[in-house]
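There are 2 protein chains.
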Amino acid sequence: MYWRYTLRQKLPQKEPGWLPGSMRGAILYSPGDVRVQERPDPRIEQPTDAIIRVSAACVCGSDLWPYRGIQPVHQPSPMGHEYVGVVEEVGGDVKNLTKGQFVVGSFWASDNTCENCRAGYQSACLHRVGMGSLGSQAEYLRVPLADGTLVATPEMPPADLIPSYLAASDVLGTGWFAAVAAEAGPGKTVAVVGDGAVGLLGVLAARQLGAERIIAMSRHADRQKLALEFGATDIVTERGDEGIARIKEMTGGIGAHSVIEAVGTQESMMQAIRSTRPGGNVGFVGVSHDVSLDGMDLFWSLVKLQGGPAPVRRFLPHLMDLIGNRVIEPGKVFDLDLPLERAAEGYQAMDERRAVKALLRP
Amino acid sequence: MYWRYTLRQKLPQKEPGWLPGSMRGAILYSPGDVRVQERPDPRIEQPTDAIIRVSAACVCGSDLWPYRGIQPVHQPSPMGHEYVGVVEEVGGDVKNLTKGQFVVGSFWASDNTCENCRAGYQSACLHRVGMGSLGSQAEYLRVPLADGTLVATPEMPPADLIPSYLAASDVLGTGWFAAVAAEAGPGKTVAVVGDGAVGLLGVLAARQLGAERIIAMSRHADRQKLALEFGATDIVTERGDEGIARIKEMTGGIGAHSVIEAVGTQESMMQAIRSTRPGGNVGFVGVSHDVSLDGMDLFWSLVKLQGGPAPVRRFLPHLMDLIGNRVIEPGKVFDLDLPLERAAEGYQAMDERRAVKALLRP
Numbered sequence: 001m002y003w004r005y006t007l008r009q010k011l012p013q014k015e016p017g018w019l020p021g022s023m024r025g026a027i028l029y030s031p032g033d034v035r036v037q038e039r040p041d042p043r044i045e046q047p048t049d050a051i052i053r054v055s056a057a058c059v060c061g062s063d064l065w066p067y068r069g070i071q072p073v074h075q076p077s078p079m080g081h082e083y084v085g086v087v088e089e090v091g092g093d094v095k096n097l098t099k100g101q102f103v104v105g106s107f108w109a110s111d112n113t114c115e116n117c118r119a120g121y122q123s124a125c126l127h128r129v130g131m132g133s134l135g136s137q138a139e140y141l142r143v144p145l146a147d148g149t150l151v152a153t154p155e156m157p158p159a160d161l162i163p164s165y166l167a168a169s170d171v172l173g174t175g176w177f178a179a180v181a182a183e184a185g186p187g188k189t190v191a192v193v194g195d196g197a198v199g200l201l202g203v204l205a206a207r208q209l210g211a212e213r214i215i216a217m218s219r220h221a222d223r224q225k226l227a228l229e230f231g232a233t234d235i236v237t238e239r240g241d242e243g244i245a246r247i248k249e250m251t252g253g254i255g256a257h258s259v260i261e262a263v264g265t266q267e268s269m270m271q272a273i274r275s276t277r278p279g280g281n282v283g284f285v286g287v288s289h290d291v292s293l294d295g296m297d298l299f300w301s302l303v304k305l306q307g308g309p310a311p312v313r314r315f316l317p318h319l320m321d322l323i324g325n326r327v328i329e330p331g332k333v334f335d336l337d338l339p340l341e342r343a344a345e346g347y348q349a350m351d352e353r354r355a356v357k358a359l360l361r362p
Numbered sequence: 001m002y003w004r005y006t007l008r009q010k011l012p013q014k015e016p017g018w019l020p021g022s023m024r025g026a027i028l029y030s031p032g033d034v035r036v037q038e039r040p041d042p043r044i045e046q047p048t049d050a051i052i053r054v055s056a057a058c059v060c061g062s063d064l065w066p067y068r069g070i071q072p073v074h075q076p077s078p079m080g081h082e083y084v085g086v087v088e089e090v091g092g093d094v095k096n097l098t099k100g101q102f103v104v105g106s107f108w109a110s111d112n113t114c115e116n117c118r119a120g121y122q123s124a125c126l127h128r129v130g131m132g133s134l135g136s137q138a139e140y141l142r143v144p145l146a147d148g149t150l151v152a153t154p155e156m157p158p159a160d161l162i163p164s165y166l167a168a169s170d171v172l173g174t175g176w177f178a179a180v181a182a183e184a185g186p187g188k189t190v191a192v193v194g195d196g197a198v199g200l201l202g203v204l205a206a207r208q209l210g211a212e213r214i215i216a217m218s219r220h221a222d223r224q225k226l227a228l229e230f231g232a233t234d235i236v237t238e239r240g241d242e243g244i245a246r247i248k249e250m251t252g253g254i255g256a257h258s259v260i261e262a263v264g265t266q267e268s269m270m271q272a273i274r275s276t277r278p279g280g281n282v283g284f285v286g287v288s289h290d291v292s293l294d295g296m297d298l299f300w301s302l303v304k305l306q307g308g309p310a311p312v313r314r315f316l317p318h319l320m321d322l323i324g325n326r327v328i329e330p331g332k333v334f335d336l337d338l339p340l341e342r343a344a345e346g347y348q349a350m351d352e353r354r355a356v357k358a359l360l361r362p
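Protein sequences, first through last, are from chains W and R. Under UniProt numbering, the first residue of the first sequence carries the number 1, and numbering increases by one thereafter. Under UniProt numbering, the first residue of the second sequence carries the number 1, and numbering increases by one thereafter.
Accuracy of the hints is not assured; some may be wrong.
Heads up, the list lumps identical chains together, so a pair's fine if it works in one copy or across two of them.
What the hints assert, rightly or not - Lysine to any residue pairs mimicking SDA-like chemistry, simulated, CA-CA at most 25 Å apart:
hint	residue 1	residue 2
1	K248	C114
2	K95	E242
3	K332	P40
4	K99	E88
5	K332	R354
6	K248	M156
7	K248	A119
8	K248	P72
9	K248	E115
10	K332	T153
11	K248	D111
12	K248	H318
13	K225	A344
14	K248	R118
15	K332	D321
16	K225	R213
17	K95	E329
18	K95	G253
Don't read these hints as lab results, they were simulated from the structure.
Take the sequences, apply the hints, and build the full model.
Structure representation (structure tokens):
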């Protein structure tokens, strides 16, 4: 989800794959100005690359940072890092994929063979490539390290499953990682701070992982409804100190076992840490902008803390099974479904919080 | 070890147990001024109390904060929170202890029955009492919540085991907690930041927990020697960025699996976090004074972080078994053994780093 923050600075001024071409893709020109226009067709650059025809992409909460000007836009930039699609072409070293397969990948391309990948931290792959630099909000996409990055479905999925597979590419995998990092499981009370797509899918993950009680913290009726559909057992509308007090009140005065933090602000991080009992776990996946944790606060809390860019690839095969077998339907987070050509409307709706998440179809 | 920091402010101006009496005990009058003098004999105040005759106490790194004036000394304060001794008297509700038993307790008195205690976080006991307010550097000591706090040996131990049992009261239990929080274990490479008593016993704990490789970070020959005796396989003398680089060099470029932080400064915390691989664990038990963790640093590190005041009581029975069976000899950290009357010399030697840890015998 959040690769863009550090990666953007390291990108070449011009992506080498850009050649004159005719595919359509979203480009951010300046804050608030997203246009869908012709972009050069991507091509195989490394023998480990694949080119996919994008079936669906979407707008991420993190795409709103440059859109809102919080993150500078130095040049027109291709957008999007979430994707599902059909393999169109593979490089000479790609062994496990063939043309025509339906595939899902994460927002980090990873080799899935290095020591960090083998340990389940593909988002820290020693050869990782951030997909956002390649721009998945387009008709075609080059996927580096294709064998390590892409997971194929057994067969071409029915159309109604496309949104759920797309969710697996980032927001589901990120919410799932947060729930795993928070050690959600049987007998546990899990609180979820944040009611965006990631927080909501953190609720779904906690439910799948067997949590006993799942408290969604939300003050929006539509998001509360979705949280309940995904398995929340309780809704708390208070936030900050009042939210903490409410969670403690519901947990015998000591706090939740597991707390998922899916916002990334100082307030939400402290709300998460202080809502957790001693020895409990905080899984944080909101990007921690301008967050500073006081050592003594953390010391006295006795909580276990883990977060960061989710290693979605670790969870993809399992999540894709759950989706294919219709056990979960994470695609419900998409409440706006647009043709790619109308990408600008998707950004605007999310920016104005009229939509939780916008799906874009090339 | 570190109860004093937050607790001191909450203490009553005068400990209720202080009555005219004749026992000898250490009192800190002002920075640098520790005196052993008459203190009122403690007496049973609650039916859950026990009074022990102190066999040995010691000076803690955290006792040096007020001694150095880093932490204000508002009034003459009894000192010490580490202790072993013999039960002298028990209150009417004490079920499991009898006069004459040799006991070890931690620096937090805890009931060992509340939900936090049952979860293994006795340092967050809902009824905890910081022992430092009672002052164990004395002939006698009142121990609140005695049934929950004290663990008795099967029989009166031989004199040469006293230092090791005393170490279990804090520094061993704290180093052990750090190693557990860092998930030290078979197949793991563990790095230890800090070569004080806690860091050195973190090395011992990592060895007992089965770690494969244990890297002690120390630049003092005597401490290096003790680290090697306790089970370190490697010594790294560099610190800060150079120390991080050295650990990475020794671990295929990705960092240690487990890092123990036993200092509590900004530099040591960052050294610990940055020496840890993605998905690895940092156990921090140095009190995090003036430490501030940047959210993005922590986010991108992908490490798991847990620390705080060690729930020593969780580990005491096991540690006391290991000591009684002479499997471990944590008492080696005491390199200065003084009669209580010479407590001031112990403080001075530790302040000047001439001693790792001073034992005091009433």
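Right, here's what the structure says about each hint:
no., hint, result
1, K248 with C114, "between (42 Å within a copy, 15 Å between copies)"
2, K95 with E242, "neither (54 Å within a copy, 41 Å between copies)"
3, K332 with P40, "neither (33 Å within a copy, 70 Å between copies)"
4, K99 with E88, "within (5 Å within a copy, 82 Å between copies)"
5, K332 with R354, "within (15 Å within a copy, 66 Å between copies)"
6, K248 with M156, "neither (47 Å within a copy, 44 Å between copies)"
7, K248 with A119, "between (35 Å within a copy, 17 Å between copies)"
8, K248 with P72, "neither (40 Å within a copy, 33 Å between copies)"
9, K248 with E115, "between (40 Å within a copy, 13 Å between copies)"
10, K332 with T153, "within (20 Å within a copy, 60 Å between copies)"
11, K248 with D111, "between (43 Å within a copy, 21 Å between copies)"
12, K248 with H318, "neither (33 Å within a copy, 32 Å between copies)"
13, K225 with A344, "neither (27 Å within a copy, 66 Å between copies)"
14, K248 with R118, "between (38 Å within a copy, 18 Å between copies)"
15, K332 with D321, "within (17 Å within a copy, 56 Å between copies)"
16, K225 with R213, "within (16 Å within a copy, 51 Å between copies)"
17, K95 with E329, "neither (31 Å within a copy, 56 Å between copies)"
18, K95 with G253, "neither (55 Å within a copy, 28 Å between copies)"
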